[in-house]
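There are 2 protein chains.
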Amino acid sequence: MALKRVLCIGAGLIGGSMGLALSRRMPHLELDAVEVDAAYREQAMTLSAFRHLWHAVESAPADYDLAVLAVPVEAAIQLLPRLRGKAHWVMDVCSVKRPVVEAMDRLLAGTRAVPSHPMAGKAQGGPLAADEALFEGRPWIFLKTHRPPGEIEDLVVRLGARVVYVDDADEHDRRMAEVSHGIHLASQCAALAGQTDPAMLAEVAGPAFWDVTRLAASPSEFWIQTLEANRDHVIAWLAQFEAAARAFRTALERKDTAGVQILLEEARRRRERAEAARTKK
Amino acid sequence: MALKRVLCIGAGLIGGSMGLALSRRMPHLELDAVEVDAAYREQAMTLSAFRHLWHAVESAPADYDLAVLAVPVEAAIQLLPRLRGKAHWVMDVCSVKRPVVEAMDRLLAGTRAVPSHPMAGKAQGGPLAADEALFEGRPWIFLKTHRPPGEIEDLVVRLGARVVYVDDADEHDRRMAEVSHGIHLASQCAALAGQTDPAMLAEVAGPAFWDVTRLAASPSEFWIQTLEANRDHVIAWLAQFEAAARAFRTALERKDTAGVQILLEEARRRRERAEAARTKK
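Protein chains in written order, with UniProt numbering: chain X, 1 to 281; chain F, 1 to 281.
Because the hints were derived from the structure by calculation, they are not lab data.
Computed from a prediction, not measured in an experiment: that's the story for all the values here.
Note that the Cβ used here is the ideal one computed from N, Cα and C, for glycine as well.
Be aware that a few hints might be false.
[What the hints assert, rightly or not] Per the computed footprint, the stretches of chain F lying under chain X, defined by three or more beta-carbons under 8 Å from a beta-carbon of chain X, are: (1) 115-128; (2) 138-150; (3) 174-185.
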């Protein structure tokens, strides 16, 4: 089945960026969107990416080949029951998979569910931040338990993304705690620690400070939802992260130079192993 | 007194970069270097930045206007007694100031000491990594207790750096724990936490992971010296950093959404305050 009619539910940063890229690269697609926020809807109009911009899922017709849930995780789960029969395939793009997949398996009887997660984003959200190149070179994660049809893999490749499979929702969420959700908290903790007025730190800061604390500027609403949806894995990661900080502190307190060195070398080894795997691609 | 004769002690990344920039931008300077490492010395030759490259401080003549100690903090302290009378001014560029300033005040009787710290570096060290633009736009920190003469301020400005003053060595070291040394450890801890093979993390990692863990690839020798030289402030920073991680974990464990939000918002406020101060410049 070739994809002909696609509905983006949510025309914010992710939905808008998909709209921009698909409308230019797959012009034969009939591409619509649903956007419930009036201001976002007006902004999304200016993208000239969508044929119709519906106010609500119920306003859109029921014969799409693919509906893409491009909304935060809580909204995605709430919308699922209202999508039954709306589209042949339903794909989400949420940053946490287990609660979405559980809801999909329970609610989407007869509709084929494609849980997915593009590793792309920006500090700024909304349709005005949409960018045709947002997914270029980025991993787009699928689950081996819910393999998409070739047409959907093709669509993701046309967006410029790199298709990656992980075993299942839980495996996805654990890896996300380690490469994304925990990493965001590491950045937040680095911004929180210290007693000096940040304006005075800025006077003397080099790239290390700006790079490591960059993510602390992210909007908190998205992160609260994400952290709570992936609570167990994030808690486990944080416990290991605290243990690492404590190990450094204890080694310094004991003037245990060899201990500090072992920790630094182990961190370097892990980072270099990741870098080597990245470069090999 | 105009600077005419300058000696860089150490022709690695910092000394080599100063050499490249000064030899091109202040060609009237008579610029020499000391480099004890034979391989580094050969590499430094290829920079064509220095008139003479001495094997040891003792080989160099004794009538320099300025000697720049561009070596790690332990080596800098060991070299100080051997610099008496070697130059009118002695400036160091070490990343920790208190132990260097104590040694300067004790040992450099009759020689004018200029403790300083350029906020510039690279993961890769050595003369081959030297870069004329290394200091461009970067803070170059001096202490109000040891103000340099105008000629040295001018030299730093010619390197492209931005002159910044902090009150004293202790104030410098506390700020460095917060913008640099602690930040490096935050990056190390982020690389250490997690149980997944880093090669598998690389498959799904986005820019957040690569940016925040980037510093973990730094060479450990430099960092051991730096962390130990600034032990007290780094330990204090780590304790606050651990407390921040624990606060996030506890709030998540208690399903305390408001608590998570307060932490996220406080981190964002601090990061934005730093960013606003940076942009104002």
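Hints and how they fare:
Chain X is given as covering the segment 115-128 of chain F, and this holds because 3 residues of the stretch bring a CB closer than 8 Å to a CB of that chain, at least three being needed. Judged by the Cβ-Cβ criterion of 8 Å, the segment 138-150 of chain F is covered by chain X as claimed, because 3 of its residues qualify and three suffice. Counting residues of the segment 174-185 of chain F whose C-beta sits closer than 8 Å to any C-beta of chain X gives 11, which meets the bar of three, so the coverage hint holds.
When each numbered hint is compared with the structure, no violation occurs for any of them.
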